[in-house]
Structures are given as C-alpha cells and as structure tokens.
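K.L.:
These protein sequence lines map, in sequence, to chains A and B.
Position one of the first sequence corresponds to residue 1 (our numbering), numbered consecutively onward.
Position one of the second sequence corresponds to residue 1 (our numbering), numbered consecutively onward.
Treat the hints as calculated values from the structure; they're not laboratory data.
Hints are all accurate, no fakes.
Which residues of chain B face chain A? A partial, calculated answer using Cβ under 8 Å: (1) Thr217; (2) Phe218; (3) Leu222; (4) Val223; (5) Gly227; (6) Ala228; (7) Trp232.
Far from chain B by the CB rule (all over 12 Å, computed), these chain A residues: (8) Leu52; (9) Val88; (10) Phe101; (11) Arg145; (12) Ala265.
Listed next, the stretches of chain A that the computed footprint assigns to chain B, with coverage defined by at least 3 CB atoms under 8 Å from CB atoms of chain B: (13) 23-32; (14) 168-177; (15) 183-192; (16) 235-244.
For each residue, glycine too, the CB sits at the ideal point set by N, CA and C.
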Amino acid sequence: MLAALALALCYVSTLGGMVHQWWTDEDMGYGFLVPVVIGWIIWRERGRWRSLPVRQSGWGFAVLALGSALQLASVLGAGLFAGALAFVLSLTGVVLCLFGFAWLQAWAFPLLLTLFMLPKLAIVYNQITLPLQLLATRLAGGMLRAVGFAVLREGNILNVAGHSIAVVEACNGIRYLLPLAFLALVIAYGWGAKSWMRVAMLGAAIPIAIVANALRVAFSGLSPVLTEGTPHALLGTVIFLLCLGLLAGIYQLLALASVRLLTRAAR
Amino acid sequence: VLTRTVGTIATLFLFALRGGAIPLGVLYNNLSDGTQTNHSVSAVGPLYDSFSTGSVVTSLVHVQLKLLNVGPILYRLPSETPLLLRAGYFRPAARVRPHDGGGSITVGLYADSSTSPGALLSGIGTLTDDSLTTMLANYDFPLGSAYPLAANQRYWIGISTNNGSIAGWAVAQDDSGFGVPSEFWYASGMAHPNTDPPFQMLVGGSSNISPAAAPSTFILVLVGLAGASLYWNRRRIGTG
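Isolated chain A, as found in the complex (with noise of 0.2 Å):
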C-alpha cells in the first residue's frame, strides 16, 4: 500500500495529465474505464494470485531505475506520453520488487491493459490520421456506390445526393479502433480464451473497426438526420455494437478451431 502511494506521489503530475487527456479528448474517453477493468481482473484473479510464493526480485530495481530515466526524459521535455509509459514501467518495477517473477506472471494481463491508458503519441496519430481519414472515405464512397448512389468524393469529403459530409478527424476511425482493441482483449479474456486466440481477436479488431467506421461513415451520408446529436451517437454505438458481434463470432471461430486441432493432436 505504501508503496502504491509512493508511487502515485512521483507520478501524480503524469497521472493528471493523463486523466485531463481523457476529459477532454474524446478519443481517449474511454481511458477512465481502464483502471476499472484492471482492477475486477485483478479482484477476479485473486484466489490464483493469493497462491502464489512471495520471491522478491532484485531485477524490480533495474526496471524501476529505467522507469526513472523515462520520467526524468519526460519531466525534461519528452512530453506526456513518456511519463505516462515511465509510470507503467515502474509499476512492473514494483511487482517484481515486492512479489517477484511468478506474480508479474500473474498480473501480466491487466498490466498489458494499461498500455491503453496511455495517452496519444502525437508523431504517431499526426502520421496515421489523414491516410486514415481518406482511407474511410474512400471505402464508405465506394459503399455508397456498389448499393447504387451517386457519391461525388473530393479529398474527405462526400457529396451523397445533394448532403455534403465531411470525414473529419474524428472520424478518422481511431475512435472505433482503440475501443475494439480493448473490448476484443477484454472479452477474449472474459470467455477463457487462450493467449494466441486474444492476439488474434487482437488483430481481428482493426480490419473490423476500418471497415465498420467506413459503414458509420456511409450511414451518415445517406441522411442529414444521421450526422449529428443523438440519432449519431446511437448509429455509431449500434454498429459498434455490430462490431462486438463480429468479434464474438470470431472468437467462436477460433475456439472450434482449437478444438479440431486438439482433437486432431489426440489421434
């Protein structure tokens, strides 16, 4: 507990730049809900994680020392998210300090988690953000037009019989990525899947959340209703929603694959 203090003291400066990220940033909304999931996995788990022997670990110090450099590089100049991934670092630090390798073990997923509290690596999204954008309106155009409407498309913007929507940054599909990258671990997780099987659901989620924001996208255009206030926001969580179907299918999938070749390893 002292030790979780501790820690909170030496990154409270990151830790309030990280919540005010996720208060003001739409995109990042959804990292409030991060810490609350960690902790039911970890309530969840109690009864393995209780087991197992206490081994303190010498190679914590080494990992807390990197996390210190990162925060020091960050308290320096190299911005929030430096901060924020010194914080998870130190975190895993302080794991093996205190309990040693077969509890990080345990608490290797809900760790994993926290990489999505991080906040946005501005190089990176600046970088993806436009070839996204236009990606999305590409695919949505070309929707639009195999079910027979004529789409005029100039740059982000299509023109679907006379209403002109723009695929704006937030648009860009990042919304729909990050959230199903969550969900398809912590679902995958929920349902007992096996570690390979959650990194495909994994990979699964970002053709998914391409494709279904380039469908939100064509939605939109098919009526000025369905771009803004609330019929938005629930044309957006429907087919989100779609999306988790999908990934449930998907898991299905996956699981009788595991079978048959388990079956077939028995033989």
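Use these hints to put chain B onto chain A, whose structure you have.
P.N.:
Positioned in the frame of chain A, the structure of chain B alone reads:
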C-alpha cells in the same frame, strides 16, 4: 443486482451522450493545452497566430484567446526627456507605470502574406485592460456577422495596441491541439513555426457540411462492457 447494474450503465450512457457533442466547425484549438509563458502585446507586439481552413468552405464565427494582465510594465521615457528630469524616473516607485486599465487591445482577422500576417480583413473586437485579470482566462470574441473564409487558405488572428495595453497572450507548452501543427505565430516582427509553441486560441467556424465524427470512446467501451457483462451473466445463468 443485474437490473441495478444495467440501470447504472444506462444512466452513465445517457450522461456521456449528453456531454459527447462534437464541436462543429472548430478550425484551431489549443486552449486546453498547458501554458508555459506569455508575451506582452506592448513589449513584443503586435502578436499573431495563424490557422488554416482545409478543404471545407466555412465562415469565421467566433474567436477565443487565452489572455491575462501581465502586470506593470517598465515606463519608457520619451527620448526627448531632458537629462535632469530623467533622474527622477529611476526612483523605484516611478519606474513602473501603474496599470490603470486605460489601455486596450484590438483583435483582427488578417490575410496571409508568405507565412506572415498580411492585410487586415476584418476587425473582430476590442478588449479594455480593466477586463483582464492576473490569472489566465479565455476571452470570447464573437463576430457580429460571420466572415466567409476560402477553402485551403491560411489566415491570421492578431492582437495589437496603440495605447500601451497590459495584455499578455498565453503561449502553449507544445504544438498539440486541433489544427495547430504546420501553422505559425508572429511576434517581435518575426514569424516562427508552431514547433516553437504558439499562442493559445480557438478559432470557431460554421459550415454547411456535416462532420461524421464517431461517438466518444467512453460511450463505446461502456456499451461494450455492458453488452459483454449481460452476455456473460446470461451464459452463467444458462449453464448454472
């Protein structure tokens, strides 16, 4: 327990939906960034910050600037002041001019001239010194009538004074924010890229083109978790 959980999640969903409005027509916004310093309009002004319109034709509707009262400024003696009279001004109490609220700043929209501010296109508003406080605050300058902006064009928002205003314009910690990278700011007669952190402002436009922004990720994950927990519960009851 299940009913209570679903009820709580539904309430949170409605709350998030209420606060999840997408800002329409924002062309530039770094007001929520941290502030590292400020520049005095009297000392290094006039001050300008650029923004660009992109491919969407829009109109300038309002501007918000993060400003403050930078406090007393050193009194500058006129060059023709007789030497004997100058001595009196070096007494500490006389070296500063009290900021009596007599000054003011003028905010305007300027054209671009080779990545420097060009001709004044439209006056946006004025602000007198007595409206400013020593704490940073956002000051809103709504336009009486929307000013049409061309697509894919750079413009500048500038503040100037001709009566020694004590206004200072906040400088951000970095070049993050909507529409901020690739723009420029201007002070002491020189333009700088926004990689040297720029001034803090919000430029609001209106457009007849609807943005198709996705819902907040908070809502999406909340709904996803609610759906997953309902499914797990149903499966547990089914198998239990």
